[in-house]
Amino acid sequence: MISTIEEAISLIGDGTLLAVPPDYAGVSMAATRALIRRGGKGLRLVALPQSGLQADLLIGVGMVAEIETAAVTFGEAGTGPRFAAALRAGTLRVKDATCPAIHAGFQAAEKGAPFSVMRGLIGSDLIKVRPDWRIIDNPFQSDDPVALIPAIRPDVALFHAPMADRAGNVWIGRRRELVTMAHASRRTIATVDRLFDGDLLADETLAAGTLPALYVERIALAPGGTWPLASDKAPTDAAHIADYVKLARTEAGFAQYLDRHILTPQAA
Amino acid sequence: MISTIEEAISLIGDGTLLAVPPDYAGVSMAATRALIRRGGKGLRLVALPQSGLQADLLIGVGMVAEIETAAVTFGEAGTGPRFAAALRAGTLRVKDATCPAIHAGFQAAEKGAPFSVMRGLIGSDLIKVRPDWRIIDNPFQSDDPVALIPAIRPDVALFHAPMADRAGNVWIGRRRELVTMAHASRRTIATVDRLFDGDLLADETLAAGTLPALYVERIALAPGGTWPLASDKAPTDAAHIADYVKLARTEAGFAQYLDRHILTPQAA
Amino acid sequence: MEAEELLIGLVAELIGDAGHVAVGANSPIPAVAALLAQSRRPGMRVSLLSSRRHNFFTDGGRELFDCAGQGRLDAFFLSGGQIDGQANINLVGIGDPAKPETRFPGSFGSAYLYYVVPKVILFRLEHSRRTLVEKVDFISAPGTSPENVYRPGGPIALVTSLCRFDFDRKRGRFRLASLHPGHSLEEVRDCTGFDFEVSGELRETALPDPAALALMRGPIAAEISEIYPAFAARLSGAA
Amino acid sequence: MEAEELLIGLVAELIGDAGHVAVGANSPIPAVAALLAQSRRPGMRVSLLSSRRHNFFTDGGRELFDCAGQGRLDAFFLSGGQIDGQANINLVGIGDPAKPETRFPGSFGSAYLYYVVPKVILFRLEHSRRTLVEKVDFISAPGTSPENVYRPGGPIALVTSLCRFDFDRKRGRFRLASLHPGHSLEEVRDCTGFDFEVSGELRETALPDPAALALMRGPIAAEISEIYPAFAARLSGAA
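Protein chains in written order, with our numbering: chain A, 1 to 268; chain B, 269 to 536; chain C, 537 to 775; chain D, 776 to 1014.
Since the hints were made in silico from the structure, they are not lab data.
Bear in mind that the values here come from a model prediction, so they are computed numbers and not experimental data.
Worth double-checking, as some hints may not be accurate.
[What the hints assert, rightly or not] Here are the simulated lysine-lysine pairs, DSS-like style, with alpha carbons at most 25 Å apart:
#, chain 1, residue 1, chain 2, residue 2
1, C, 635, B, 501
2, D, 894, A, 95
3, C, 706, C, 671
4, A, 41, A, 95
5, A, 95, A, 128
6, B, 363, C, 655
7, A, 95, D, 945
8, C, 635, B, 514
9, C, 706, B, 363
10, C, 635, B, 309
11, C, 671, C, 655
12, D, 874, A, 41
13, B, 309, B, 363
14, C, 635, B, 396
15, D, 910, A, 246
16, D, 945, D, 910
17, D, 894, D, 945
18, D, 874, A, 95
19, C, 635, C, 671
20, D, 874, A, 246
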């Protein structure tokens, strides 16, 4: 259960459908850097419901064949630069979605249901680029079109959380998209800031924010593992992100970023 | 927001669709007794997903016109005696369901979706007694029947929780059916063991188990308000329940129980 | 306690090497059996739904069903006010469901779990023509489904106070697999309202071995005393 | 800061008496406007999604959308890389979506919230023929829907650096409602790629009154410094 990051990410192979959280909910940047150092190809990313630095890096190094997401965003700095470049170059397939549709797809998988139903969407061009979605007439009411979103069942979910105990229970607090992500995915890898001595389920207050070990395959210790993204204790390293966005505008700048922050052995 | 029990239950009128939790998840027996003392008629109960003493009492006093539930159960002691008697007498409509169908109906309402999809059910006679459910062919796969459950949107949710703060945030711990119940319902009444001094959302550990005030209309203080059912601190009062089941076998015995435990002014 | 100990051993055998077994409320024998099975396979997870200590769920009442729907629950127990020869179970009642002569508590999660849990063990101690009927009055959940119905799960066996029936999903019929000590095929036929096959190798249900008895009377009895104090006391007193 | 203060006052007016208003990330002007609107109506709830203190959600990222679907969110802000005269918004890109010339971040929650939130305020400061186009290249979310589409919500107005447009849902067209000080109808026509009506009572956008200015420069600037430190400093420095 408890392993090194390198051993943990061995669950992620070429072609894996990999679920990742948004920048604010606990992105395992430590595991992402380890993944880039290790290499691999053909990843299919699915963001619940959007991504930023993590997706942009994995796309930039050419490890991603496809991404399903509601956005690849750097906030005020706009679209992920390597994401945009890969699309322009035609080297990346994008399954554009909207946040609640991705939530709905994960929730269908969580329930073992073949699909979810949602309002909205009718008349959006997302319908045109998503032939895997369906519009049907609501069987309960006449002349009422509704959208159906098929279940999204990732091979692996990868995220970072504040702590885990040695039995594999992970404290996620109020970041409950991580619970849904783990439920919907076949396997889950969590990196954590620290190990909790004791049983997270023994105390009702902690249990309320705990993902049970049943859903977790690997836990790796990675203190501050969301850096440069926000964690429950630290805000986003805005200067680092600004630097990334500037560098990543070009292939050469991106390579420089990789070299400086990921491929050098001292980087975590 | 904070009120007496009597003021809180004024949100429950004749014909209200009232959502209640199962015996193990925080039943507001205090409010149930107050409701019986006040009186009323035509309630439509919906249990998420089953009920016991609470439903049996409200049915026994004739306040319930209809109940949707996966069971009215007293565990080893079997079926709710007043529930069974009312059905035999033809004075109660029952919408028999199965636990996950009720969860699915509430989750549809929580999402603002018109219905939910679920596996199972095909070939169950529940389909015959639930003309409001539908079987359709899965639009994503040929020759694959699936069941659709319409959204369940109660008028009022009523439950008991360990504590609330003065802003109306309610700590429900890991009893997350109470969150779904409140999200799905138009209004929520919670009785609580105690008031928390401070803001339940200010601390991330407590926030993880907190239902935000947005969903809550009334909070009433009722220490030990689940009695004789279990709370987070006390187990079920088994002797009391055994006594109830014995008395409630007959109309006379039930009247005796009411008189002793509910209609006398000293009872809480 | 000898009869209960026999049943515990039998149910533990039926659980076999399930990765995750869950046991509902009011089920002391399945609970002890699950913990006994776990003691033999340390990786096995056991969820005792009425326990706080042995219940890891943190997502509310729906998590059991979601977990089963995800394929993360391998064994579960169901019962029925009536069970018929096709393993249909009735938890609703006898007579018109709108105005029943006899009302049972309700279908609980059966109309879902019976379909998605690979090993459902039917557990009904009362073995009589009242409970084991030719055709149930109301199908809460069917024993088998047509080919086109999504159904990775279903019944594997029916355990009663007299015997063990195994369920043949292809044929949709029970087969008497073993008789508990002191009971006969004739007695089972007399007390059963449905037709069943008889196994060519009809055995006597085996008693648990001394190691299993020591476990259930000792550490497991202590573990379940949180939820079944009276049963635990009798069990540990049997030593 | 005068231009920003004007916009804050205008947006607060558009929020009006909404019971619950939510503001996404990177939206300092709407955030201050929401808190200003709240100061006038103490029962109003404001969710600043990028704040911890002003964000009460505890059910993960889906809660915003669920809350909106339940009818518990009354006002929200959307923008677009392109916005057209029918209030269609494009957050995806320009050119073939599979191989776009320009790629925007993505549709976020627009393809749902635009339908279910009663007051959606479109907020796009850059007022040019590049952003305000006749027809968007890609409809992330449409401004209007046919009668049979479930749509309790939609756009009420578009706020830019030059003016306020109100949206007429029945006619599916914008109407110029007010010009910010120093800007003319001619300038707006020049910079807008779509046709629009002009209000008979075309006014100049009103400046916030001294009480509102004091609030935004004082307590509200302090409150948002958690998430927008630079903006808060400029705002309080404007006093």
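Quick rundown of the hints versus the structure:
1. 635/C to 501/B: Roughly 39 Å separates the two Cα atoms, so the pair is violated.
2. 894/D to 95/A: Distance of about 29 Å is beyond 25 Å: violated.
3. 706/C to 671/C: 18 Å, holds
4. 41/A to 95/A: 18 Å, holds
5. 95/A to 128/A: Answer holds: residue 95/A to residue 128/A is near 11 Å, not above 25 Å.
6. 363/B to 655/C: 29 Å, violated
7. 95/A to 945/D: 33 Å, violated
8. 635/C to 514/B: 23 Å, holds
9. 706/C to 363/B: 33 Å, violated
10. 635/C to 309/B: 21 Å, holds
11. 671/C to 655/C: 23 Å, holds
12. 874/D to 41/A: Holds: residue 874/D and residue 41/A sit about 21 Å apart, inside 25 Å.
13. 309/B to 363/B: Cα-Cα ~18 Å, so holds.
14. 635/C to 396/B: Satisfied, since the Cα-Cα distance of roughly 15 Å is no more than 25 Å.
15. 910/D to 246/A: Violated, at about 31 Å.
16. 945/D to 910/D: 18 Å, holds
17. 894/D to 945/D: At roughly 15 Å apart (the allowed maximum being 25 Å), residue 945/D and residue 894/D satisfy the hint.
18. 874/D to 95/A: 12 Å, holds
19. 635/C to 671/C: 19 Å, holds
20. 874/D to 246/A: 23 Å, holds
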